[in-house]
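*Asks:* With the hints as your guide, set chain E onto chain L.
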Amino acid sequence: MVIFKEIKKHPLNYLILGVILIIAAFVFFYFRQNFDAHDQRRVVYVTSGIYLIWSLYHHYRRGDLQFSIILEYFLLALFAVIIALTTLSP
Amino acid sequence: MAGFLSLLFIPQEKNNHRALLLRPSFLGIFIALYLLNQSIIQSLTVLKPGILGYSSEITAQKVLNQTNSERQKLGLPVLEYNDTLSQSAAAKANDMFSNNYWSHNSPAGKTPWDFFKSAGYKYSIAGENLAKDFYDTDGLIKAWMNSPTHRDNIINDKYQEIGIAVINGVLSGVKTTLVVQHFATPLNTQVAVKKQTTAPSPDVVTAPEPLISTQSLGTSAVTPSLISPLLISKIIGTIIFTLILGVLIIDSYITLKNNTPRLTGSSASHIGFLLIILMLLIFGRQGTIF
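Line by line, the protein sequences are chains L and E.
The first sequence maps to residues 1 to 90 in the UniProt record's numbering.
The second sequence maps to residues 1 to 290 in the UniProt record's numbering.
No lab work stands behind these hints: they were computed from the structure.
Some clues are possibly wrong.
As the list claims (entries may be wrong) - Straight-line Cα separation of at most 30 Å, DSSO-like style, residue types lysine-lysine; simulated pairs:
no.	chain 1	residue 1	chain 2	residue 2
1	L	9	E	14
2	E	257	L	8
3	L	8	E	14
4	E	257	L	9
To be verified - Far from chain L, by Cβ distances over 10 Å, these chain E residues were calculated:
no.	residue
5	14
6	31
7	48
8	62
9	70
10	101
11	120
12	160
As the structure is a prediction and not an experimental result, all values here were calculated from the model.
For glycine and all other residues, C-beta sits at the position ideal for the given N, C-alpha and C.
Extracted from the complex, chain E is given alone in its bound form:
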């Protein structure tokens, strides 16, 4: 056993002066193992939807506060929370979950404006921001503010009101949190919209009705602890890359020290490449805006 392990990790005459783990056949095995793990994750998302997902700390209240905070930084008036707009945003999020899409327009051809109208909000100007898979509100708002089109919505001085939906559900087999912001200015002051005079509580954003009974749709933005498929993939990828990197360092140290001539790839370049990929793997950010 010890002999075999030594062949796996240490370059020596018996393994033709190349650690077995660095041979193309073993690299192929690593890829196969990783892909096997991915297929298990994918199977779980299909067979047991909702087991895997993201846990989010985002709340409607935090999104509202930080949106208004960004406006205040620029000297713009704060957006007034509007319950009808929140119903419109929640209807949009529920529609995305029930029809399994991620876009401003639904596969059935519904535009964001259809949701405003269905909720009974008559607007003179309106806009929509979407986000999914974010862990915290800070990251979410930063992402929107870094995107010119989303930023334009947040700091548009023509908007007077906002509705926010933070809804959990299963999208493409993965449990996630969708955040929908609906911005608008009412057509006139006589429009019969229900305005909230006080700031909403963190959990006031409710879906008009749950569209899929198995989804935990609704108000709470704080989900129970979930196993994130991305986190599993990251951990396994990091372990395999670190293992290859470690063996490469040992291998190159021994062979260069002994001046062993051999016909293999450059260990120095492999180490550089793997270090960069490992860094990208560790620091890659999740969360998508639309």
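Chain L on its own, in the form it takes in the complex:
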């Protein structure tokens, strides 16, 4: 897969992100099992926040930390938060 070329350039960064996302999925399903909509939402908020922090770290290490790049991550994280807020029952 071509996409793995990108991952191979910064394996540690992607390993950290992978672990974060897998933990997020496990925690989410734990709360889902308990029918806890509020905590399911919180998992998405925290994951989005951590994703944003990870992006700062990743691009700082890559030496291409630019406003337009961070804006891209911010909008994706914001969209995830908005969707969690509106789809996991109030």
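*Replies:* Relative to chain L, chain E alone:
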């Protein structure tokens, strides 16, 4: 037209090697469109209350059966259905609808115990479980059993009787089904409570009186098919996320294959993040207990 679509989806020289749909401006448009959809939904809930809501298959009979089934699994005696307790539970549900709140205590300061007393039930020990927005009884009972405080009520060996209300109405502009369980043990055997000797029919739980004429309060737990606002939001969110995900995959494939140097976010991380969020979006469960 085909050229514009190509610019939207395919990275090429004309779009500076980045599919237009992945640019921050287009991500902003997606968010704006989604928020517009949300405002339409919110407006509908205010202007035409009752159009949007949840359809539920929950019945009082099923709630009673499954509650007792959970007790029997632990070797506890079954709870006897009590009509007065059901009236108390129905009064609580109606009070939540009419005063638009979701809590054990009302904004006016009414506690669950006030409803027991108003219904004429004298108890030595009592408890209350609340739930809303659940689709089926299985999910509802599992949610209660997974919550230590609600579970304690269901399997409390000190309780002897139960009343259940499954009532449809409009709460915060959204049509929903409220389920109220009132557990109790009568103060003494002389208490004048109307006991039902046989199991209630699925639709026996009636509100003492409809408090809001426009609400379909009452006995039937099976509502007509309704459009769930959560489902609409989920479908639209899933479509947009899948679209972004698809374009990201195409974009990263082409640029990495061609070794195109560019200053953008990491497509691999975006794909991972969106996949997780998409999974959470699809598998998120509705229903709330209190």
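*Asks:* Hint by hint, say whether it matches the structure.
*Replies:* Each hint, compared with the structure:
Only pairs whose Cα atoms come within 30 Å are accepted, and residue 9(L) paired with residue 14(E) is accepted, the gap being roughly 27 Å. This hinted pair checks out: residue 257(E) and residue 8(L) have alpha carbons roughly 14 Å apart, not beyond 30 Å. This hinted pair checks out: residue 8(L) and residue 14(E) have alpha carbons roughly 29 Å apart, not beyond 30 Å. Proposed proximity of residue 257(E) and residue 9(L) is supported: the alpha carbons are some 15 Å apart, at most 30 Å.
Residue-level check passed: residue 14(E) sits 19 Å from the nearest beta carbon of chain L, beyond 10 Å. Its beta-carbon lying about 5 Å from the closest one in chain L, residue 31(E) breaks the requirement of being farther than 10 Å from that chain. Annotated as non-interface, residue 48(E) keeps its C-beta farther than 10 Å from every C-beta of chain L; the closest such distance is 19 Å. Look at residue 62(E): its CB is around 17 Å from the nearest CB on chain L, clear of 10 Å, so calling it non-interface holds up.
No Cβ of chain L comes within 10 Å of the Cβ of residue 70(E); the nearest lies about 15 Å off, and the non-interface call holds. Non-interface call for residue 101(E) relative to chain L: holds, since the shortest CB-CB distance, roughly 13 Å, exceeds 10 Å. Residue placement check: residue 120(E) keeps its beta carbon more than 10 Å from all beta carbons of chain L (closest about 33 Å). Listed as a non-interface residue, residue 160(E) keeps its Cβ farther than 10 Å from every Cβ of chain L; the least gap is roughly 27 Å.
Violated hint for the displayed structure: number 6, the only one.
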